[in-house]
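Number of protein chains: 2
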Amino acid sequence: MKRNFKKENLPVEKIRRYLEPGPIVLVSSAWNGRRNIMTMGWHTVMEFSPSLVGCIISSGNHSFEMVRRSAECVINLPTTALTDQVIGIGNTSGAEIDKFDHFGLTAEDAKKVKAPLISECYANFECRLADDSLVDKYNFFIWEVIKAQAALSPKYPQTLHYTGDGVFMVSGKIISRRRRFLPEML
Amino acid sequence: MKRNFKKENLPVEKIRRYLEPGPIVLVSSAWNGRRNIMTMGWHTVMEFSPSLVGCIISSGNHSFEMVRRSAECVINLPTTALTDQVIGIGNTSGAEIDKFDHFGLTAEDAKKVKAPLISECYANFECRLADDSLVDKYNFFIWEVIKAQAALSPKYPQTLHYTGDGVFMVSGKIISRRRRFLPEML
Chain A
116 MKRNFKKENL PVEKIRRYLE PGPIVLVSSA WNGRRNIMTM GWHTVMEFSP SLVGCIISSG
176 NHSFEMVRRS AECVINLPTT ALTDQVIGIG NTSGAEIDKF DHFGLTAEDA KKVKAPLISE
236 CYANFECRLA DDSLVDKYNF FIWEVIKAQA ALSPKYPQTL HYTGDGVFMV SGKIISRRRR
296 FLPEML
Chain B
116 MKRNFKKENL PVEKIRRYLE PGPIVLVSSA WNGRRNIMTM GWHTVMEFSP SLVGCIISSG
176 NHSFEMVRRS AECVINLPTT ALTDQVIGIG NTSGAEIDKF DHFGLTAEDA KKVKAPLISE
236 CYANFECRLA DDSLVDKYNF FIWEVIKAQA ALSPKYPQTL HYTGDGVFMV SGKIISRRRR
296 FLPEML
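If you read the protein sequences in the order shown, they are chains A and B. Residue numbering for the first sequence follows my numbering, beginning at 116 and increasing consecutively. Residue numbering for the second sequence follows my numbering, beginning at 116 and increasing consecutively.
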């Protein structure tokens, strides 16, 4: 089952809300007239402002040269509605199929990059390559998020968190301990 | 409520099972006769073998100089049983208190590093600094996990995933889609 979300702009320094909990994401890219999507789970927020995200995109992936040469990508946040697509995208290669067509996903024009957004995802973060100094050694890309949007509802998306071996943890209950935090530590 | 887990050795290349889902972790360190703990949520697996983990430890933290100078730390995985301690540790400074004493946690000798393990955590990953080339620019440390242990039960720990604003997502249900994966993609 796929969903279409009503989304609104999100200040780029707020993306930690969606990425820090550690969900599997879909990285979309475009280069030389082609487009692609990969499933990615090795990422971390690195800074609020500029809004930096570091991630591993292995050189074995078809997306590697596309994101490296275009110096752009979109990080898309799927929910459990896209579980089948997340797995299918992770188990196929963009060298052989167009993953948007094959998995019935909608490529939507991004605002600031040429890589397409995935409409059916809960949030879309448009990224420009900020630092490639660790790409050769570790396949580690540091992206600056330059435009972000996220769905208005539900407030907390049902995200997928990969543990390896074909097993996912699905995001569970939300607990607030806001009153126990110092204001400057929120 | 705290728990004591029966743990067994975990091959270091298997730690992705616990870190890739994106939990908040506790980083323990020792330097110059002192010890400390910090709460940390910005981390990513970077490689299976050697077992690499990248993370942000801000220079504003008391732990920063301790992990930098000792070139060691332990990444400890707390469960919801330690929610109060996780928050308390994140809202206090090791410059003022001994966090093991203050929060009633047990410092246990590690096998391969001088930094202490936190007994009450579900898993403990002993780390040696592998690459500090991005520390000055981003506070980004790349660690090699050189020894790991994890509890035998429960199979999937109830972990805390921080979204900012004092709000945590607690790990939810586990779904297996193993049969839909290509063997080499697990």
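One or more of the hints may lead you astray.
Identical copies go unnamed one by one, so any copy, or any two together, can satisfy a pair.
What the hints assert, rightly or not - With a straight-line Cα cutoff of 27 Å, these simulated DSS-like cross-link-like pairs (lysine-lysine) come out:
hint : residue 1 : residue 2
1    : K252      : K121
2    : K288      : K227
3    : K252      : K129
4    : K288      : K226
5    : K129      : K226
6    : K288      : K252
7    : K121      : K262
8    : K252      : K122
9    : K288      : K229
10   : K129      : K262
11   : K252      : K270
12   : K288      : K270
13   : K270      : K226
14   : K121      : K227
15   : K229      : K121
No lab work stands behind these hints: they were computed from the structure.
How the hints compare with the structure:
Proximity of K252 to K121 under the C-alpha cut-off of 27 Å is found in neither arrangement, the shortest distances being 40 Å within a copy and 37 Å between copies. With identical chains, the CA atoms of K288 and K227 are never at most 27 Å apart, being 34 Å at best within one copy and 37 Å at best between copies. Taking the closest pair of Cα atoms, K252 and K129 come within 27 Å of each other only across two copies (21 Å); inside a single copy the shortest separation is 30 Å, beyond that limit. Proximity of K288 to K226 under the C-alpha cut-off of 27 Å is found in neither arrangement, the shortest distances being 33 Å within a copy and 36 Å between copies.
In this homomeric assembly, K129 and K226 come within 27 Å of each other (Cα to Cα) only inside a single copy, at 18 Å, whereas the closest approach across copies is 39 Å. For the identical chains of this complex, K288 and K252 are neighbours neither inside a copy (38 Å) nor across copies (36 Å), given an alpha-carbon limit of 27 Å. With identical chains, the CA atoms of K121 and K262 are at most 27 Å apart within one copy only, with a shortest distance of 16 Å there and 46 Å across copies. For the homomeric pair K252 and K122, neither the shortest alpha-carbon distance inside one copy (37 Å) nor that between copies (34 Å) is at most 27 Å.
Proximity of K288 to K229 under the C-alpha cut-off of 27 Å is found in neither arrangement, the shortest distances being 36 Å within a copy and 36 Å between copies. For a Cα distance limit of 27 Å, the shortest separation of K129 from K262 inside one copy, 11 Å, qualifies, whereas the shortest one across copies, 35 Å, does not. Taking CA atoms no more than 27 Å apart as the test, K252 paired with K270 passes in neither setting, with 38 Å inside one copy and 34 Å between copies. Taking the shortest alpha-carbon separations for K288 and K270, both the intra-copy value of 12 Å and the inter-copy value of 19 Å come in at or below 27 Å.
In this assembly of identical chains, the alpha carbons of K270 and K226 lie at most 27 Å apart only when taken from the same copy (24 Å versus 43 Å across copies). Proximity of K121 and K227 under a CA criterion of 27 Å is satisfied intra-copy only: 19 Å inside one chain copy versus 51 Å between copies. When the C-alpha separation of K229 and K121 is checked against a cutoff of 27 Å, the pair qualifies only within one copy, where the shortest distance is 22 Å, while the shortest distance between copies is 51 Å.
Hints 1, 2, 4, 6, 8, 9 and 11 from the earlier list are contradicted by this structure; the remaining hints agree with it.
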